[in-house]
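Trainee: Place chain H with the ligands on chain B using the hints.
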Amino acid sequence: MNKIVSKEFFSENVVRLEIEAPRIAKARRAGHFVIVRVDEKGERIPLTISSADASKGTITLVVQRVGVTSRKLAELEAGDTIADLVGPLGQATDVKKVGTVLACGGGVGVAPLLPIVEANKKAGNKVISIIAARTRDLIILEDQIREFSDEVIVMTDDGSYGEKGLITEGMEKVIAREKIDEAVIIGPAIMMKFASEVTRKHQIPSIASLNTIMVDGTGMCGACRVTVDGKTRFVCVDGPEFDAHKVDFDEMLMRLNGYKDFEKDANERYLKEHQ
Amino acid sequence: MDKNDILKQERDAAWRKELRGKIKNKERTNIERVKMPEADPTERRRSFIEVNRGLSAEAAMIEASRCLDCANPTCIEGCPVEINIPKFIKNIERGEFLEAARVLKETSSLPAVCGRVCPQEKQCEASCFYTRKLKKPAIAIGHLERFAADFERETGNISIPERASAKNKKIACIGSGPAGLSFAGEMAKRGYDVTVFEALHEIGGVLKYGIPEFRLPNSVVDVEINSLKEMGVKFETNFIVGKTATIDDLKEEGFEGFFVGSGAGLPRFMGIPGENLVGILSSNEYLTRVNLMEANKEDSDTPILKGKRVAVIGGGNTAMDSVRTALRLGAEKAMIIYRRSEQEMPARIEEIKHAKEEGVEFLTLQNPIEYIGDEKGYVRQIRVQRMELGEPDASGRRRPVPVAGSEYLIDADTVVVSVGVSPNPLIPQSLPELKTTDWHTLVVDEENLQTSVPFMFAGGDIVRGGATVILAMGDGRKAAEAMDHQLSKQVENAV
Ligand SMILES: Cc1cc2nc3c(=O)[nH]c(=O)nc-3n(C[C@H](O)[C@H](O)[C@H](O)COP(=O)(O)OP(=O)(O)OC[C@H]3O[C@@H](n4cnc5c(N)ncnc54)[C@H](O)[C@@H]3O)c2cc1C
Ligand SMILES: Cc1cc2nc3c(=O)[nH]c(=O)nc-3n(C[C@H](O)[C@H](O)[C@H](O)COP(=O)(O)OP(=O)(O)OC[C@H]3O[C@@H](n4cnc5c(N)ncnc54)[C@H](O)[C@@H]3O)c2cc1C
Ligand code: SF4
Ligand code: SF4
Ligand code: FES
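Taken in sequence, the protein lines are chains B and H. Going by our numbering, the first residue of the first sequence is number 81, and it counts up by one from there. Going by our numbering, the first residue of the second sequence is number 15, and it counts up by one from there.
Okay, chain B solo, but in the shape it has when bound (with noise of 0.2 Å):
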């Protein structure tokens, strides 16, 4: 059992969380995420940690509320307690100094990009980063990412708030005015598809952050499964960060699809729950 320590909504359907876990603020690093299971009947699913205070004994979550599981982790209220809370897992990221870093986070995805973000800075790197949404209320920790970037470039596909394009845009704008020697794209599968286009084109070394289906979050069950250079990996123990080159992110795209009716189900037997 874990306690909420504190809550905030950034929007109306991104929360962020700050939970007790003093054994996992103190052993994570950049790139790790945990798995949750809300309650007896819950789901496991992964969340990255997106900060942690080893010395508070907190870790903080970011939660888009996209189905069920989510939706019941933006309705606890600081107090409440989390069943089950396991981590940290995945590989951390690997942080050298390269030069300049172009940082991409689209939608939720700036959660899991705020500590990369934050362990590029302090590796002495010059960090840009692009943060984008479809709409002003779904960027969320801009201040955040302000803090430990050089430049922050927000772009909104309805021009609701920053520069209105898509992210690809603001990325093709910051590669031709100058020299990017490593990409880090973390965002919603179909915008990491068409972000490391852009970098592949201009020959940018790219890593991406999956967010795939996963189960235990150990290597037990192969949910997680991607291809990457022609062989299957295993994103929560050898992931989640890949080449982005080498995704195979069509059948990334396919596969987060499978149990889209039964997700569909499950979400509209809750909401009718709890009308």
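Incorrect hints may appear among the rest.
What the hints assert, rightly or not - Listed next, the in silico SDA-like pairs over lysine to any residue satisfying Cα-Cα at most 20 Å (straight line):
#1 K273/B / I293/B
#2 K121/B / E312/H
#3 K121/B / T251/H
#4 K320/H / I293/B
#5 K311/H / G147/B
#6 K390/H / D328/B
#7 K202/B / D164/B
#8 K121/B / F62/H
#9 K121/B / E308/H
#10 K326/B / E216/H
#11 K311/B / V433/H
#12 K177/B / E231/B
#13 K177/B / E258/B
#14 K390/H / M334/B
#15 K311/B / G434/H
#16 K248/H / D164/B
#17 K311/H / E120/B
#18 K311/B / G391/H
#19 K326/B / G285/H
#20 K106/B / A199/B
#21 K83/B / T251/H
#22 K121/B / H215/H
#23 K206/B / I233/B
#24 K322/H / N337/B
#25 K121/B / K320/H
#26 K390/H / T292/B
#27 K347/H / F376/H
#28 K248/H / R103/B
#29 K347/H / F62/H
#30 K106/B / K265/H
#31 K106/B / M75/H
Unchecked claim - Label-pair restraints from in silico Cβ distances:
#32 P468/H / K106/B: 46 to 52 Å
#33 K136/H / R280/B: 52 to 58 Å
#34 L246/B / D313/H: 39 to 45 Å
Calculated from the structure, these hints are not laboratory results. Glycine residues also receive a C-beta, built at the ideal position from the N, C-alpha and C atoms.
Mentor: Just chain H with the ligands now, kept in the frame of chain B:
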């Protein structure tokens, strides 16, 4: 006194002699082997109730009377932990069921489990006098073992073993499968302060997430876990040693001995085209969703693919569990696809029999070579190749070889891949000085199961690859004995 002398002495006990004299051996051997009452196949194939219903007291006593209480009980040689089989069986014959359960617990920490899942036909029952010499069906040792353990549990008479005086030494057990549980029990008995660390949110390892309810109800496992708790064993779930804390962290916190029972939980895939299509999953994922996450229940948030035409690739216990689970989730057609013949199947004979009774189709001497999906990426068909058996391979089983030009297509909307598991790499990864084999199992010395790291022992599937519950359990006991010995010696030397 050596083991055989003890056996002989016990056999000479007055009650045993008297019992032997009661019925003539000829009469005993004329009794037919008991039949385990089973749930009706047409009903059970759609339900998760336990298939084997258990023996009645009368049936158990009659079966027990078949046992000849042999002077040379070869059955014991067939049991990896050398349970004193005639002693427990004769206690059943004379109606002392609790005493029978106590005998079992002298050597086995999980008799209710082993009675249900041991491959008896390859172990104790294969070495029974009836099988070896009389060429008759063996004594139903497994059924009787289960009977005694169930009787103890169901009558609420579970004896909690006595503990030696507290030693004030902290021991860490990594993993809560049968290896870890039996290790923890043995160390607690010896007075150690044991904490079991488990990565998942449930305790029990494969007993919980792998083997389904219809074969091993969780409640049976929970009772064993509760006895351990009563003995003072502590459990920390959601704790991955090597991630949540390292071995060094635990040493700093005062842990002096370590047992690794982290199992062989890594699923293997075949690496054939189309294997990552939607609807193709490992048996670990399939069984975990149902057994651990209860995805078969209405109120669970975890989804499961309820395929109409389900194909399971493989011929082991895991494959049988998966295919029978598919039926219970509502499959219209549930198939086993196995590349050798039924004779070579590693699954327990009883599971194969039960699967057939429930309507599972067996496509033997066939092997998938490609999966074909629809435009949305869902699997729709399997390209299968027929096989024939060639020369024996390293395992002694005849090697399957493809028959040229024999390929054909099978329709399937769900495929469960159950072609074996590899050892869990989490511990070796976090401890580079720990020696592993080319198969990624841990290297231990056979005598006392010590790894290459001081005060770290290991057993079960992490050492053996995919093996059995009873072997894992036996390892746990053996390692506890060795660790106790080493730690006690350390204390003596210090004084
Ligand atoms: C390593 C890792 C880190 C992650 N970090 C975060 C994070 O920090 N914050 C956050 O909000 N989310 C994160 N995710 C995604 C998060 O796990 C999913 O949003 C969550 O599982 C959804 O569960 P649910 O029950 O609420 O929705 P479900 O009912 O399971 O799904 C609802 C809808 O979302 C889609 N969906 C389900 N899982 C995913 C997924 N993994 N990616 C994209 N779409 C999905 C489904 O197809 C469905 O349409 C991460 C995923 C991974 C693998
Ligand atoms: C579906 C299925 C059916 C089977 N049927 C039979 C049968 O009928 N008869 C039979 O004899 N055998 C059967 N087996 C095999 C048997 O279950 C195994 O041999 C046995 O469980 C091995 O025990 P173990 O304790 O070594 O490991 P496991 O039971 O695998 O337990 C290991 C535990 O360690 C945990 N763990 C791993 N790494 C860490 C870590 N770093 N920190 C903390 N915890 C960790 C895992 O989560 C797991 O719970 C079956 C196996 C499966 C999968
Ligand atoms: S533990 Fe297994 S092998 Fe040993 S006697 Fe019992 S059923 Fe037979
Ligand atoms: S070998 Fe068979 S008959 Fe003899 S003691 Fe063992 S179980 Fe009984
Ligand atoms: S989530 Fe199960 S193997 Fe990765």
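Trainee: Which of the listed hints are not met by the structure?
Mentor: Hints 7, 10, 31 and 32 not satisfied by this model.
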